[in-house]
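**Student:** Hey, can you work out the whole structure from these sequences and the hints?
Sequence lines, in order, name chains A and B. For any residue, its number in the numbering used here is found by taking its place in the first sequence, counting from 1, and adding 438. For any residue, its number in the numbering used here is found by taking its place in the second sequence, counting from 1, and adding 2.
Derived by calculation from the structure, the hints in this document are not laboratory data. A portion of the hints provided could be inaccurate.
[Unchecked claim] Covered by chain B, per the in silico footprint, the following chain A stretches (three or more residues, Cβ under 8 Å): (1) 467 to 481; (2) 510 to 516.
[Stated by the list, open to error] Derived Cβ-Cβ restraints for the label pairs, each shown as a range: (3) A:V503 with B:R558: 31 to 37 Å; (4) A:A486 with B:T447: 28 to 34 Å; (5) A:T447 with B:I87: 27 to 33 Å; (6) B:L406 with A:R445: 20 to 26 Å; (7) A:A486 with B:E600: 31 to 37 Å.
[As the list claims (entries may be wrong)] Among chain B residues calculated to face chain A with C-beta under 10 Å, some are: (8) R39; (9) Y233; (10) G236; (11) L355; (12) Y373; (13) K384; (14) G388; (15) E568; (16) K571; (17) Q575; (18) A580; (19) E603.
Each residue gets a CB set at the ideal place from its N, CA and C atoms; glycine is no exception.
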Amino acid sequence: MTRKGKRLTLIGGAMAILGLAAGLMLFALRDNIVFFYTPSELAKKQTASGARLRIGGLVKEGTVVKNGQDVRFTVTDKTSDLTVSYTGLLPDLFREGQGVVVDGVLQPSGGFRADSVLAKHDERYMPRDVADALKKQGVWQGETK
Amino acid sequence: MIVETGHYALVLALALALAQFAIPFIGARLNDAALMRVSRPAAITQFLFVALSYGALTYAHVVSDFSLVNVIENSHSLKPFIYKISGVWGNHEGSMLLWVLVLSLCGALIAIFSNAMTDRLRADALAVQGLLGAAFLLFILLTSNPFARVAPAPWEGRDLNPILQDPGLAIHPPLLYLGYVGFSIVFSFAAAALIGGRIDAGWARVIRPWTLFAWIALTLGIAMGSYWAYYTLGWGGFWFWDPVENASLMPWIAGTALVHSAAVMEKREALKVWTIFLAILAFSLSLLGTFLVRSGVLTSVHAFASDPDRGVFILAILVFFIGGALALFALRAGALPVGGLFSPISREGALVLNNLLLSACCATVVVGTLYPLALEAITGEKISVGAPFFNTVLIPIALPLALLMPIGQMLSWKRGDLAAALQRLRVAFIVGVVATAAFGAWYGTPFLSIVTAGIAIYLVVGALSDLALRVRGSSGRASLKRLAGLPLSAFGTSIAHAGMGLTLLGLAATGWGVETIVAMKPSSFYDVGPYQIGIDSVSPRQGPNYSEVYAVMAVRKDGATLATIEPAKRFYQARRMARSEAGIVTLGLGQVYAAIGESHEDGTIDARLYWKPLVTLIWIGALIMAFGGALSLADRRLRIGVARRAAAPALEPAE
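**Tutor:** Below, the structure is given as structure tokens:
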């Protein structure tokens, strides 16, 4: 093979692989990204049921109802509320009045079926998403820094 | 007084770093040997001063000096000794100081092990290393001073974040940083080669051991971190595609590509421009990772620091060094001599393909990590990109790469024979196909796990059959002789590839794991895969700075008790934070994993029980990979600092 031929093979191979990777990424980004909303954003967006979403907010005081492994609670950003159902163990840091992020699917009934509940923070470490959302709502009570 | 000494030492280190940059750099331009020679003592003393400073901070943590803000926020007088030491880097300021300590250590290592290179290359490389040191020392002194005092000093500290109070975390960051920051050595040499305009196989021989060294440390660091996440977070997961984890994966992938392309450059003088580019890229991705972790732009378990001033400062450092290096690259790369030629079917060709596939993986991780940040900055929409994205893109790239690895090993340099290579791999192919069928018959689903496991087995057998074929002689004695004559780097390659295969097998086996969430009653047993788990007792216990509820669980099979595990739920008083401690027992290569939740009045306790077959292979494979790297590093021809004594490439036997 000539020098030019070899170089073209190399460039062609590189283009093919990078093209493949780019194609895969676009495909994956279309199908596999999950949007993050607060309950009031969700209320405004009128998202179709069946969509995969992440919802962040505070666990509303006095709404946690446990029935064996099944848990039901309300996530609030002090403007809108969303009822969340979940089956399984709650994380160590899950408490009423604390920030929470739930991953799951919006149900036709308007409720939210979570398949994971994250609360990886304490009083000082709120998820940034939740803190931002609460600041936007004007109900932020922590340090402003 | 000791604390002030530490602070002052840091300022002196900054001055030395600036000297280490300016004097040798000017010396190299004026061709003044005396000025260039300043670089070595400057680098070594800079390291000593940073080490002194680091020692002072450690001292303050050990004696619980609560007049320091850093100690108050991250320590507690009752905290166990080991966490007083590891607590030094369990926070933003301390971990940046560790970063700079490793950076200056790298400078000192270059200074000590650089007899085998021109004065000019050493001077320029240490100048770049000095400039990096100066930038980060300035960052610490201006925005993240770990020695800030407070008066009056409180009686007690706020304790270290409980999830960081773990032996795994005592080892993870130093190893990770050794890897991350170790790439700064390669970066400095790349910049020095571009500044000096000279680059040849000798340069590749200089950087190869450093690349391997950083790569080994990073491999171990990532594996350690992943195991730590696995047993402390209580979810049974070992990789969350968290941006912070990706931050360490990106330089690892680039570093893996670099290890391979540097081999091509050293042996065949080819891929010079590409190797230089990768050398810049690997450390640039380390810098990017540092920015992501340290600027607080992310939401993640690791983001225990956030401050916009710091973010902007690190961003400026990032832009300066990456931009500067790439500008230098753009200006000089065109002038570099073109290297050796090779046919597409050859060892070089296979390594180029390896580099392309790894680059595609690396680009995927970069996009998946930065896209959500970019989208939020531009549109305000918040999204999360998780495992589904990375799996969709990476699996179709990584599996062909795994198929390619043994084939590449079998091809000869310059011009290879594909048919012969495949012929020599027939045992591996057959074993792989049989394994796929066996896994399929045993587990049935999921399809992806079965195929991946089959490829993993093929990879292990293929990597080792290269070694077997090379030592196969007419008699046992001849084989032994050949075995002894084989360079260590040949063992290194095969073993590292086999390690990758084992990790892949462990990853494939995650598809066969079993998870159950149950409210466990005393004296009943619950099925988890082939085992049964039951609670013997649940009781409270007091630790040094926490209280816990722990369950004693028996793991049984066919009525016989195999092991007992003690999952616990801990509560740390100082931070009023809870944390799970998983109960894990290794059975064969798999693990039974249990985490407990709340206990109820009727005596039941919520628990998450897992059976994870072959899961330990994920980390065993990583250890073997690192061991393979270490074998290569021990090879006479690749040992750090012996580059000049090694035979010239023309004299090396063709492989």
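**Student:** Has the hinted range 28 to 34 Å been met by the Cβ atoms of A486 (chain A) and T447 (chain B)?
**Tutor:** Hint holds: Cβ distance 31 Å, inside 28 to 34 Å.
**Student:** Answer holds if the nearest beta-carbon of chain A is closer than 10 Å to that of K384 (chain B); otherwise answer violated.
**Tutor:** holds, 4 Å
**Student:** Is the hint on E568 (chain B) kept, meaning its closest Cβ partner in chain A is under 10 Å away?
**Tutor:** violated, 17 Å
**Student:** Does the beta carbon distance between V503 (chain A) and R558 (chain B) stay inside 31 to 37 Å, or does it fall outside?
**Tutor:** holds, 35 Å
**Student:** May I ask you to test the interface hint for Y233 (chain B) with respect to chain A, counting a Cβ-Cβ separation under 10 Å as satisfied?
**Tutor:** violated, 14 Å
**Student:** Holds or violated: is there a CB of chain A closer than 10 Å to the CB of G236 (chain B)?
**Tutor:** holds, 7 Å
**Student:** Please verify that hint: G388 (chain B), Cβ, nearest Cβ of chain A, below 10 Å or not.
**Tutor:** Where the cut-off is 10 Å and the nearest Cβ of chain A is about 7 Å from G388 (chain B), the hint holds.
**Student:** Can the hint on E603 (chain B) be confirmed by a CB-to-CB distance to chain A that is less than 10 Å?
**Tutor:** Hint violated; E603 (chain B) Cβ to chain A Cβ min 13 Å, cut 10 Å.
**Student:** Min Cβ distance, Y373 (chain B) to chain A: is it shorter than 10 Å?
**Tutor:** holds, 7 Å
**Student:** For the segment 510 to 516 of chain A, does the count of residues with a C-beta closer than 8 Å to a C-beta of chain B reach 3?
**Tutor:** violated (count 0)
**Student:** Taking the beta carbons of A486 (chain A) and E600 (chain B), is their distance inside 31 to 37 Å?
**Tutor:** Hint holds: Cβ distance 35 Å, inside 31 to 37 Å.
**Student:** Counting residues of the segment 467 to 481 of chain A with a beta carbon closer than 8 Å to any beta carbon of chain B, are there 3 or more?
**Tutor:** holds (count 8)
Comparing the model with each numbered hint stated earlier shows that hints 2, 5, 8, 9, 15, 17 and 19 do not hold.
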